[in-house]
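Novice: Sequence:
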Amino acid sequence: MSARRGTGVDRTVLTVLGLLLLVVGGLALAAGAGWTSGARVGTVDLDPETVDLSGAVAATSESWWAGACAVAGVGLVLLGVLWLLRHLPPGGLPDQPLPGSRTGERLRVDPSAVARGAEDRLQADARVRGARLAVRRERGGLVLAGQVRVDARVDLTEVTALVDRVVRESEAVLGAPLAGRVRLRVGRRRGARGPVA
Numbered sequence: 308m309s310a311r312r313g314t315g316v317d318r319t320v321l322t323v324l325g326l327l328l329l330v331v332g333g334l335a336l337a338a339g340a341g342w343t344s345g346a347r348v349g350t351v352d353l354d355p356e357t358v359d360l361s362g363a364v365a366a367t368s369e370s371w372w373a374g375a376c377a378v379a380g381v382g383l384v385l386l387g388v389l390w391l392l393r394h395l396p397p398g399g400l401p402d403q404p405l406p407g408s409r410t411g412e413r414l415r416v417d418p419s420a421v422a423r424g425a426e427d428r429l430q431a432d433a434r435v436r437g438a439r440l441a442v443r444r445e446r447g448g449l450v451l452a453g454q455v456r457v458d459a460r461v462d463l464t465e466v467t468a469l470v471d472r473v474v475r476e477s478e479a480v481l482g483a484p485l486a487g488r489v490r491l492r493v494g495r496r497r498g499a500r501g502p503v504a
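Here the sequence shown is numbered in our numbering, starting from 308 and rising by one per residue.
Since the hints were derived computationally from the structure, they do not count as laboratory data. A virtual CB, placed ideally from N, CA and C, is assigned to each residue, including glycine.
What follows is a list of derived Cβ distance ranges for each label pair:
#1 Val331 x Arg393: 15 to 25 Å
#2 Arg439 x Thr319: 33 to 43 Å
#3 Asp462 x Ala486: 17 to 27 Å
#4 Leu321 x Trp372: 24 to 34 Å
#5 Thr464 x Pro484: 19 to 29 Å
Can you build the whole structure from these sequences, using the hints too?
Specialist: Here is the structure:
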């Protein structure tokens with residue numbers, strides 16, 4: 308079974324289980340709150356000599372039963388919601404086909420990995436204090452967007468040229484036209500004081 312098909316089966320099974328947990332949790336919550344006190348779904352004929360349900364019947368008449376059902380219901384509802392949220396498709400851009408590969412579109416590039424590589428490339432330069440970048444789709448095209456923090460003593464023209472080179476390198480890795488929208492944030496000089504009143 309391929310990884311993509313396995314993921315689809317996993318999501319389908321977990322979605323059904325998550326919905327089932329939501330329903331069971333909701334029913335337990337309703338029973339604990341007393342909303343189902345007059346409702347009867349049906350009766351089951353059991354031989355009282357083979358099955359003894361007196362303990363379970365006695366437990367439902369105890370004072371703690373409603374609270375226990377409510378707590379179990381809330382827990383099951385939370386578990387179901389968390390399970391469903393955990394298996395939502397990932398956000399962001401889907402993987403992009405790698406151009407020039409001989410295997411068609413089977414080889415793909417993860418745009419978030421390209422953005423992380425651009426961050427690493429920028430942070431390797433001594434003039435850059437930090438970078439946060441992401442590849443986004445804006446106005447029908449791909450954009451490497453984010454911000455780069457630099458020291459106050461650097462030449463901004465040189466840093467701008469570095470950022471432009473990194474955007475062009477990222478475009479080559481991604482294999483698709485890529486624009487850059489990177490904000491440079493200049494940090495304060497170390498030891499510099501604010502305005503004196």
